[in-house]
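Engineer: Using the sequences and the hints, build the whole thing.
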Amino acid sequence: MNDNGNVHGDERQQRVEVLLHELRTSLTTIRGWAELPLQGLSDDPELMVRALRRIQDEADHMYEGIQRVFPRGHATWKRPLHLERVDLRDVADEAVADMGLLDPERPIAREDSGPATLVADARLLRHAVRNLLGNALKHTPAGSPVTVAVRGPVSGPGGAPRVELSVGDRGPGMGPRAIARLTTPYQEDGHGEPGGGGGGLGLTIVRRVVDLHGGEVAVSSAPDRGTTVTVALPTVSVSSGN
196 MNDNGNVHGD ERQQRVEVLL HELRTSLTTI RGWAELPLQG LSDDPELMVR ALRRIQDEAD
256 HMYEGIQRVF PRGHATWKRP LHLERVDLRD VADEAVADMG LLDPERPIAR EDSGPATLVA
316 DARLLRHAVR NLLGNALKHT PAGSPVTVAV RGPVSGPGGA PRVELSVGDR GPGMGPRAIA
376 RLTTPYQEDG HGEPGGGGGG LGLTIVRRVV DLHGGEVAVS SAPDRGTTVT VALPTVSVSS
436 GN
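This note's numbering puts the first residue of the sequence shown at 196, with every later residue one more than the last.
Do not take every clue at face value.
[To be verified] Derived CB-CB ranges, DEER-like:
id: 1; residue 1: 418; residue 2: 340; range: 17 to 23 Å
id: 2; residue 1: 340; residue 2: 262; range: 36 to 42 Å
id: 3; residue 1: 419; residue 2: 229; range: 34 to 40 Å
To be clear, the hints were calculated from the coordinates, so they are not data collected in a lab. Source: prediction; values computed, not measured. Ideal Cβ placement from N, Cα and C applies to all residues, glycine included.
Structural biologist: As structure tokens, this is what we get:
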């Protein structure tokens, strides 16, 4: 019984750690968009509408995260996916815009190859991409370029169509524990304990989002030559998110 209690306690602690990571990310994004008027950009109505929508979306994400960890009644840890038709190119653009507010001097290149529409939870995908970008920016030298590329449609196992998004950097490379965090299914990842080599909760969140969408993660990394993380997602959802 004590062992079972420890398991539940570890899971609870993991939930709190993931929630705090997500709250910090969302609050930083909200602050970035909210500062636009102070930078003399309030005369652009389209930009202001975009900023307000992003602030609202991040606030909703924070509320849902708190409800998952501290529900009013009994509730599951994972919420059902809010499935809709999503263009992965738009998701990438939004994530790059968010990170551009936090590190405006960082060159982040965007590359697209073909349409990349799928059925997915846009908010979760955006947070996964943003966590990949955040990890790349955090663990590479200031000013080092990062590339976000979207490809679709491509053939997956058995010829099933899928879309791909990759984040590449020119940093020090990823350690084996961080690579394992991304390439091992979330349920088998030791309750999300932080790994080495630049890993962290951001990578755990990426792995969980990819698993919920029935996708796969591949990592190409070499010491002092950089890392490219590629997320492959089926064009039709294979998960209910439960």
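Engineer: Of all the hints given earlier, name the ones this structure violates by number, lowest first.
Structural biologist: Per hint list: zero violations.
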